[in-house]
Amino acid sequence: MTTAHEEHGVEHDLGHHGSPFVQHHYDDAQHQFDSGKFGIWLFLAQEVLFFSALFVQYVLYRVHHSEIFNYAHKWLDVKFGATNTAVLIFSSLTAAWAVRCAQRNQRRGLIACIVITLLCACTFLGIKYLEYSHKVHEHILFGRYFDPCISPGNAELLTQNNECPGTKSTIDWDYGSEKAKTGCFEESKIDVDPNQPGVQADCAVAEITREKKTIEDQKTHKEVETWVEKSRRVIAARCPEPHLPEAGVAEHEQFPCWRPAYQPVVCPDLTDAEARRHGTAGRPQDGILVEYGDSAERGEDIVIDATCKAPAPATAQSIELLASNNGEHDLKEGQGAIHPIHIATEEDEFERASLGPPPEHTGMFLTIYFAMTGLHGIHVLFGIFVFTWLLMRSIKGHFTPEYFGPVDYAALYWHIVDIIWIFLFPLLYLIH
Amino acid sequence: MADHAHDHDDHELAHVATLKTLLATGTTLLLLTLLTVAATKVDFGTNINLAVALVIAVVKATLVVLFFMHLRYDRLFHSVVFVSALLAASLFVGFTLMDSSQYQDTNIWNPSTPPAAPVGPRPVNG
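Residue numbers (my numbering), protein chains in the order written: chain A, 979 to 1410; chain B, 2 to 127.
I should point out that these hints are in silico values taken from the structure, not numbers from a laboratory. Bear in mind that the values here come from a model prediction, so they are computed numbers and not experimental data. It is possible that some hints are incorrect.
What the hints assert, rightly or not - Residues from chain A that keep clear of chain B, each with C-beta distances beyond 10 angstroms, as calculated:
(1) His1002
(2) Asp1012
(3) Val1093
(4) Ile1094
(5) Glu1109
(6) Tyr1110
(7) His1117
(8) Ala1349
(9) His1354
(10) Gly1355
(11) His1393
(12) Ile1394
Stated by the list, open to error - Dumping the calculated DSSO-like pairs for lysine-lysine here, alpha-carbon to alpha-carbon at most 27 angstroms:
(13) Lys42(B) with Lys1374(A)
(14) Lys1374(A) with Lys1106(A)
(15) Lys21(B) with Lys1113(A)
(16) Lys1113(A) with Lys1057(A)
(17) Lys21(B) with Lys1052(A)
(18) Lys1106(A) with Lys1057(A)
(19) Lys1052(A) with Lys1015(A)
(20) Lys1015(A) with Lys42(B)
(21) Lys1113(A) with Lys1052(A)
(22) Lys21(B) with Lys1106(A)
Unchecked claim - Each pair of labels, with its calculated beta carbon distance range:
(23) Phe999(A) with Gly46(B): 51 to 59 angstroms
(24) Ser85(B) with Leu1108(A): 19 to 27 angstroms
(25) Val43(B) with Phe1016(A): 43 to 51 angstroms
(26) Asp100(B) with His1112(A): 33 to 41 angstroms
(27) Gly1375(A) with Leu88(B): 39 to 47 angstroms
(28) Ser1111(A) with Thr19(B): 29 to 37 angstroms
(29) Gly1131(A) with Asp44(B): 14 to 22 angstroms
(30) Thr19(B) with Gly1104(A): 52 to 60 angstroms
(31) Asp100(B) with Leu1108(A): 39 to 47 angstroms
Note that beta-carbon positions come from the ideal geometry of N, C-alpha and C, so glycine has one too.
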C-alpha cells in the first residue's frame, strides 16, 4: 500500500491527472471528489436539521393557533410566492445542467448555466425585496414591530403608533378653530345596528368635539406643544356601553355611528377576547369615541367624540322589514327605510373576515414568516456568492471532467435551498 | 443513448445525468407547482387541502433529490446520511406534536394583566 501511495504521489507531482487542483493528500481525483461529496452531504444533513427547528416552531403554532394562519396568510401574495418557486426550480435545473456541462468539459455551457442560475437567484431576491418592502411599509412585521396598517383585505386598521403612510387614521386637529379638519372616521361603511350586522350605510362624521380637561401640571408653553405633538401619535379608543336605537324614536341628530365590524387592535375592550381569538371578532359596540393622549402620565384627557349622521333613523320596524326583504333593496318609500346601501351575504361575511382586525398574537405568523423566509433568503444570498466564485473559476477554465467537485457541491447546496423553498411555499402562501 | 455509452467509457468521477432526465425533472417540477397552486382554489376542507399541498411538496422534493441531486445514482451511504437527517427532523416534529396539547395556552406577558398566581402550597425553600 505504501508503495502504491508513493507512486500516486509522484504522479500528482508530475500533474499526471491533468488538473492542477487535485491535491497531494488525496490518492487521486476520484478520492478527492468523493471526500468532498461526502462532506457536502454531511453539510446538507446538517442544513435539514438546522431548518427543522423552524419547522417545529411552525407546526406547533399552526396546530395551536390555526386561526392566526388562516387570517395572516392572506397578507402574502401567492403570485409572488409561485413565481419565486418557479424561478428557484428553473435555477435548480440550470445548476444541475452546469454540473453536467462541467463533467462533459463544455466550458461555454458551464458558464451559461452558472450565469442563468445567478440571474435566477437575483430575481428571487428581487421579488423577496418587493414582498418585504411592502410589509415594512405597512408595518406587517415580526414581534413587537407587528402593528399592521392594513388588514389582509386592505381595510385600514388603526395602529398603536398611528404612523401609517397614507392613512386616514389620524385626526387632523385644527388648533386654531378647535375643530378637527379630517378624521379617521371621515367616511366609512358602518353597521347601522349592532344586532343586524351587515346592514350598513355610508356614514360621514358630522361633528367632532373636543373636551378639554383642566391641565393641572401645565408648566411651559413649549412643553404643552411637545405634548400635543406626542399625544397625536398615541391613540387609544374608549368605548362605553352600546347605545341601541329604540323603536320609533327619531334620532336624526345623535344617531350613534356604529363602527365597522372591524375594530382596531388598539381597542381591546371593544371586542370579546375569545371572539378575537377565533377570528370572529367585532360586533360593533359603540359610536366613535376616541380618547387622545397619555392621560395616565399627564393626568388629563382630550376626548374627541365623533358622532355620525346616519341617513335616517333605524327603527325596529325598518330592521324587521330589511330582514323580511331578504337582502333585496326595493324597500318602499315611507316605511321607515334606512337606505341600506349594502346587505351582507355569506360571501361578504367571508370577505369581512379578512377585513377584520388580526386575531390575538397574529404577529407570531409574521415572526415565523420572516424567520423562515429570512433564513432561506440568507442561504440564497450565500448561494449567489458561491456561484459568482464558480463563474470566475469557470471563466478561467479551472473545471474539467477530472475536477468539477466545487460545481457539483454548490449545485447540491443550491438544490437543498430549492427543496426548502418547495416546502415553505405551500406552508406559508397556500394556506386554505 | 450514444451519450450514455460515452459517459461510461470515459470512466467519470460521478454519474452524468442525461439532458432528457434533467429537462423532464424540471418540467415535472414546474407542472407540480402549477398543480399545487390550482389545488388551493378547490375547497377540500382545511386538512385535506394541507395534505394535498404537502404530498405535492414531498413529491417535488423527492424528484429534486433523486435526479437533480443524483442521489438515485449516488453511493448508498449518501442516501443513508440524508435520510437519517430527514428521520431526525421528523422525530423533532413528531415528538413536539405528541405532547403539544400538554402546554399551557400561549401567554404573552402583559404587565397590565399579570397571570394568576400559581395554585397549590408554597414550595419549601432549602
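Against the structure, the hints come out as follows:
Taking the minimum C-beta to C-beta distance to chain B, about 18 angstroms, the non-interface status of His1002(A) holds against the 10 angstroms cut. Non-interface status of Asp1012(A) relative to chain B is broken: a Cβ of that chain comes within 10 angstroms, the nearest being about 8 angstroms off. The beta carbon of Val1093(A) sits about 17 angstroms from the closest Cβ of chain B, which is more than 10 angstroms, so the claim that it is off the interface holds. No Cβ of chain B approaches the Cβ of Ile1094(A) within 10 angstroms, the least distance being about 12 angstroms, so the stated non-interface status holds.
The claim that Glu1109(A) is not at the interface with chain B holds, since no C-beta of that chain comes within 10 angstroms of its own (minimum 17 angstroms). For Tyr1110(A), the non-interface assignment is confirmed: its Cβ lies about 22 angstroms from the closest Cβ of chain B, beyond the 10 angstroms cut-off. The claim that His1117(A) lies off the interface holds: its Cβ sits roughly 18 angstroms from the closest Cβ of chain B, which is beyond the 10 angstroms cut-off. Interface exclusion of Ala1349(A) from chain B stands, the closest Cβ pair being 16 angstroms apart, more than 10 angstroms.
For His1354(A), the requirement that its beta carbon stay farther than 10 angstroms from each beta carbon of chain B is met, with the minimum near 14 angstroms. At the 10 angstroms boundary, the C-beta of Gly1355(A) stays outside the reach of chain B, the nearest C-beta of that chain being 19 angstroms off. With 10 angstroms as the threshold on Cβ separation, the claim that His1393(A) sits away from chain B is violated: the shortest Cβ distance comes to roughly 5 angstroms. Not every C-beta of chain B lies more than 10 angstroms from that of Ile1394(A), the closest at about 8 angstroms, which undercuts listing it as non-interface.
At roughly 49 angstroms between alpha-carbon atoms, Lys42(B) and Lys1374(A) are farther apart than 27 angstroms, so this suggested pair is violated. For the hint linking Lys1374(A) to Lys1106(A), the alpha-carbon distance of about 32 angstroms lies beyond 27 angstroms, and the restraint is violated. Of the pairs offered as hints, the one joining Lys21(B) and Lys1113(A) is violated, with about 41 angstroms between alpha carbons and a cut-off of 27 angstroms exceeded. Restraint check: the Cα-Cα separation between Lys1113(A) and Lys1057(A) comes to about 16 angstroms, which is no more than 27 angstroms; the hinted pair holds.
Among the hinted pairs, Lys21(B) with Lys1052(A) is inconsistent with the structure: their alpha-carbon atoms are about 39 angstroms apart, more than 27 angstroms. For the given pair, Lys1106(A) sits about 12 angstroms from Lys1057(A) by alpha-carbon distance, which is consistent with the 27 angstroms threshold. A distance of roughly 41 angstroms separates the Cα atoms of Lys1052(A) and Lys1015(A); the hinted pair therefore is violated under the 27 angstroms criterion. Distance hint between Lys1015(A) and Lys42(B) is unfulfilled; the C-alpha atoms sit about 41 angstroms from each other, more than 27 angstroms.
Distance restraint check for Lys1113(A) and Lys1052(A): the Cα-Cα separation of roughly 12 angstroms lies within the 27 angstroms cut-off, and the hinted pair is therefore satisfied. For the hint pairing Lys21(B) with Lys1106(A), the CA-to-CA distance comes to about 32 angstroms; that exceeds 27 angstroms, so the pair is violated. Distance hint check: the CB atoms of Phe999(A) and Gly46(B) are about 56 angstroms apart, consistent with the given range 51 to 59 angstroms. At roughly 38 angstroms, the beta-carbon separation of Ser85(B) and Leu1108(A) lies outside the given 19 to 27 angstroms, and the hint is violated.
Our hint of 43 to 51 angstroms for Val43(B) and Phe1016(A) holds, since their Cβ atoms are close to 44 angstroms apart. Between Asp100(B) and His1112(A) the C-beta distance comes to about 38 angstroms, which sits within the given range of 33 to 41 angstroms. Checked against the hint of 39 to 47 angstroms, the pair Gly1375(A) and Leu88(B) passes, with Cβ atoms roughly 42 angstroms apart. The given range of 29 to 37 angstroms is broken by Ser1111(A) and Thr19(B), whose C-beta atoms sit roughly 42 angstroms from each other.
At roughly 19 angstroms, the beta carbons of Gly1131(A) and Asp44(B) sit within the given window of 14 to 22 angstroms. Separated by about 33 angstroms at the C-beta atoms, Thr19(B) and Gly1104(A) break the suggested range of 52 to 60 angstroms. Checked against the given bound of 39 to 47 angstroms, the beta carbons of Asp100(B) and Leu1108(A), roughly 40 angstroms apart, stay inside it.
The structure does not agree with the numbered hints 2, 11, 12, 13, 14, 15, 17, 19, 20, 22, 24, 28 and 30 stated previously, though it agrees with the rest.
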